[in-house]
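The listed protein sequences correspond, in order, to chains H and Z.
Under this note's numbering, the first residue of the first sequence is numbered 7, with each subsequent residue one higher.
Under this note's numbering, the first residue of the second sequence is numbered 7, with each subsequent residue one higher.
Mixed in with the good hints there might be a few duds.
Just so you know, same-sequence chains aren't split out, so a pair can sit in one copy or run between any two.
What the hints assert, rightly or not - The calculated lysine to aspartate or glutamate pairs, modelled on EDC-like cross-linking and capped at a C-alpha distance of 20 Å, are:
| id | residue 1 | residue 2 |
| --- | --- | --- |
| 1 | Lys9 | Glu320 |
| 2 | Lys9 | Asp291 |
| 3 | Lys9 | Glu197 |
| 4 | Lys9 | Asp120 |
| 5 | Lys9 | Asp339 |
Derived from the structure by calculation, the hints contain no laboratory data.
Number of protein chains: 2
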Amino acid sequence: MSKGFRLAGRFEGVTTSPVRDILAVVNRGDVISFAGGIPDASLFELDDFRAAYDHVLARQGRRALQYAGTKGEPELLEQVAARMDRHLPTTPEQVQVTSGSQEGIFLVGQTLLDPGDVVLVEQPTYLAAVQAFTLAGARLVAVETDAHGMLPDALSAAIAAHHPKFVYLIPTFQNPTGRSMPAQRRRDVAEVLLRTGVPLLEDDPYGELRFEGEAAPPLAAVPGMSAQTVLLNSASKVMAPGVRIGWLRAEGPILRALEIAKQAVGLQSAVTDQLAVARYLATCDLDAHIAHVVEVYRERRNAMADGLVRRLPEGAAVTRPEGGMFLWVALGDGTDTAASLSSAVDAGVAYVPGWSFFAADPDRSTMRLSFVTNAPRVIEDGLDRLAGALDW
Amino acid sequence: MSKGFRLAGRFEGVTTSPVRDILAVVNRGDVISFAGGIPDASLFELDDFRAAYDHVLARQGRRALQYAGTKGEPELLEQVAARMDRHLPTTPEQVQVTSGSQEGIFLVGQTLLDPGDVVLVEQPTYLAAVQAFTLAGARLVAVETDAHGMLPDALSAAIAAHHPKFVYLIPTFQNPTGRSMPAQRRRDVAEVLLRTGVPLLEDDPYGELRFEGEAAPPLAAVPGMSAQTVLLNSASKVMAPGVRIGWLRAEGPILRALEIAKQAVGLQSAVTDQLAVARYLATCDLDAHIAHVVEVYRERRNAMADGLVRRLPEGAAVTRPEGGMFLWVALGDGTDTAASLSSAVDAGVAYVPGWSFFAADPDRSTMRLSFVTNAPRVIEDGLDRLAGALDW
Numbered sequence: 007m008s009k010g011f012r013l014a015g016r017f018e019g020v021t022t023s024p025v026r027d028i029l030a031v032v033n034r035g036d037v038i039s040f041a042g043g044i045p046d047a048s049l050f051e052l053d054d055f056r057a058a059y060d061h062v063l064a065r066q067g068r069r070a071l072q073y074a075g076t077k078g079e080p081e082l083l084e085q086v087a088a089r090m091d092r093h094l095p096t097t098p099e100q101v102q103v104t105s106g107s108q109e110g111i112f113l114v115g116q117t118l119l120d121p122g123d124v125v126l127v128e129q130p131t132y133l134a135a136v137q138a139f140t141l142a143g144a145r146l147v148a149v150e151t152d153a154h155g156m157l158p159d160a161l162s163a164a165i166a167a168h169h170p171k172f173v174y175l176i177p178t179f180q181n182p183t184g185r186s187m188p189a190q191r192r193r194d195v196a197e198v199l200l201r202t203g204v205p206l207l208e209d210d211p212y213g214e215l216r217f218e219g220e221a222a223p224p225l226a227a228v229p230g231m232s233a234q235t236v237l238l239n240s241a242s243k244v245m246a247p248g249v250r251i252g253w254l255r256a257e258g259p260i261l262r263a264l265e266i267a268k269q270a271v272g273l274q275s276a277v278t279d280q281l282a283v284a285r286y287l288a289t290c291d292l293d294a295h296i297a298h299v300v301e302v303y304r305e306r307r308n309a310m311a312d313g314l315v316r317r318l319p320e321g322a323a324v325t326r327p328e329g330g331m332f333l334w335v336a337l338g339d340g341t342d343t344a345a346s347l348s349s350a351v352d353a354g355v356a357y358v359p360g361w362s363f364f365a366a367d368p369d370r371s372t373m374r375l376s377f378v379t380n381a382p383r384v385i386e387d388g389l390d391r392l393a394g395a396l397d398w
Numbered sequence: 007m008s009k010g011f012r013l014a015g016r017f018e019g020v021t022t023s024p025v026r027d028i029l030a031v032v033n034r035g036d037v038i039s040f041a042g043g044i045p046d047a048s049l050f051e052l053d054d055f056r057a058a059y060d061h062v063l064a065r066q067g068r069r070a071l072q073y074a075g076t077k078g079e080p081e082l083l084e085q086v087a088a089r090m091d092r093h094l095p096t097t098p099e100q101v102q103v104t105s106g107s108q109e110g111i112f113l114v115g116q117t118l119l120d121p122g123d124v125v126l127v128e129q130p131t132y133l134a135a136v137q138a139f140t141l142a143g144a145r146l147v148a149v150e151t152d153a154h155g156m157l158p159d160a161l162s163a164a165i166a167a168h169h170p171k172f173v174y175l176i177p178t179f180q181n182p183t184g185r186s187m188p189a190q191r192r193r194d195v196a197e198v199l200l201r202t203g204v205p206l207l208e209d210d211p212y213g214e215l216r217f218e219g220e221a222a223p224p225l226a227a228v229p230g231m232s233a234q235t236v237l238l239n240s241a242s243k244v245m246a247p248g249v250r251i252g253w254l255r256a257e258g259p260i261l262r263a264l265e266i267a268k269q270a271v272g273l274q275s276a277v278t279d280q281l282a283v284a285r286y287l288a289t290c291d292l293d294a295h296i297a298h299v300v301e302v303y304r305e306r307r308n309a310m311a312d313g314l315v316r317r318l319p320e321g322a323a324v325t326r327p328e329g330g331m332f333l334w335v336a337l338g339d340g341t342d343t344a345a346s347l348s349s350a351v352d353a354g355v356a357y358v359p360g361w362s363f364f365a366a367d368p369d370r371s372t373m374r375l376s377f378v379t380n381a382p383r384v385i386e387d388g389l390d391r392l393a394g395a396l397d398w
């Protein structure tokens, strides 16, 4: 450690950072990356964003460059409340702007978690959420899942055994598996949470990227659940991640606590970006943009899922998500995808080894592949490299 | 609390948030506010920022809207390293971009503090830093200060008594007092820190806003101190706070730990704003801008300091800072400025009651006044209202 500095004890659990290493690999031009959850930048509505920023700087410039309130700019609160209101009655007062969903996850951890507290998570789950909860001193307990998400009986048993502070779920196009909870499973899981009174942190960054099947309203929309849920959304996957704008929906006093935590973390999200995203939402057709992105991503999902089915060795399994950004391969042969990553990168292709998404008992034969960053022909090329490197 | 939610125990210490209430008062049009540390928005270089954002969106748009690394954009790291290098040899590798200085303070707290750890602070000190350290579970211990800042002997005794994780100082134009540590005091304080090996978190958001006197290099520039210091700077006071861009300088492994903490908090600062600030720094004359701001703020400091000397009752004291944004009044008569705030606001003027800046044993007869937000004539008017409301 640097001179005189002694790290906090809880920091010892978070010394590795797979996402960082992933991003480093992505930046190597000769590697086809299926690793990061990186939207295709060629799909960004660049002209619309340029116009939105220019409008903001030209018409609201002094306000955009000044300090502002912690909750968020009124225009943005209104826009996102109206969008959430499609599935769940939402007022601007129930919204808090965050610097991406990641900050929302972190704020909930800071607000609710004492050292030693338990958070129940899916098995596997989003690794940067694990990182954020661990920084708050929490102990993560993985609950058994099947192809439809967390198992209600397992959840019920885990609540009885561990008295968790909250449950963290990504019910739609989950990261890393791509799986979604069907409507009945949502109701069954909500029933357990309502019966036990355990709050839910519902992370929904991908829900609008649906390629097929029926839209699934958030668990927060199950009657009774909204008061017991912090629901996270983000501009990152449907508009652009570089602006670092997300938002959360909650009810009652927890909102004020989250706002105080956000103030301590960084006073407020950048006013420039808040006003530009609000302007974009007010003047552009986000639904049309998403419809276009969905067309493109669906084709890529097909290319990757079909291409994997053709190439995978016997005994291996792959998910075929109805939306989102990721699919999940389980080789199921006792191999370790972490061990083979370096030969894959040498062969010019990258993925995320599955172990890092498990809070406990990792299946090391798994890997997460993003299908959104590359065009179908590049996906084919990358899968050829992958099959070669892993000797499929 | 909202249904099912139970707040973290450490959150009980941070339920009030004076800054938030200050900002609420500022937004009332009929109140002359000396409360917030709010730069004068009419001084922002609006055209330059508009051009910088437009350049970024036009030429680097897909990159600006995409995910990026946690450390910060290379152009920005280079620009701020070159600026810091004026006082202290600094490479881009030693810099971490933060979402304002506040995030830098928070990240240091997250990285170093275990519950119960002690942080030594000036008496009084910046309240939002207290908030950030308290969220990490720390215990704040105030060290005696005089007109030249923290007393070396008191610091030495406090280190022996409390074994702090680090010391938090704002050595130049301190918030809230406006005081600066002279060069000899800096050397004496650094000598104590070097001897005891206790790290320093040096917060320097105001240092470039100097109206008179000799520039004081940061404590980190005292030989031997740079390896033992995290030094915080920000665009907020010299360019614009709404972009939420700050940066820190550190050396060795602590940098990596701070980067991991930042990743957990929010992945990265907005790429849009990072690139726009880098473009502004590369193409505009920040020194000329600061020289202009300093002219304007000096006149306001004069108006407020002189105006207070004329109005204050006998026995009261006021600082006359050589720069920065704040001055500090101590009525010294046993009155409580928190109790008189509501009559002041009724009379159309706002300030921050001094008690909230004390980690312990507050002098409740104190108040912080910002002289930068309002023109001299408005300052005169506000001081008349203040004198009337407080019966001076």
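Cross-check of the supplied hints:
1. Lys9 / Glu320: neither (54 Å within a copy, 48 Å between copies)
2. Lys9 / Asp291: Classified as neither: same-chain Cα gap 53 Å, cross-chain 36 Å, threshold 20 Å.
3. Lys9 / Glu197: between (53 Å within a copy, 15 Å between copies)
4. Lys9 / Asp120: between (29 Å within a copy, 18 Å between copies)
5. Lys9 / Asp339: neither (47 Å within a copy, 45 Å between copies)
Of the hints listed earlier, those the structure fails to meet are numbers 1, 2 and 5, in rising order.
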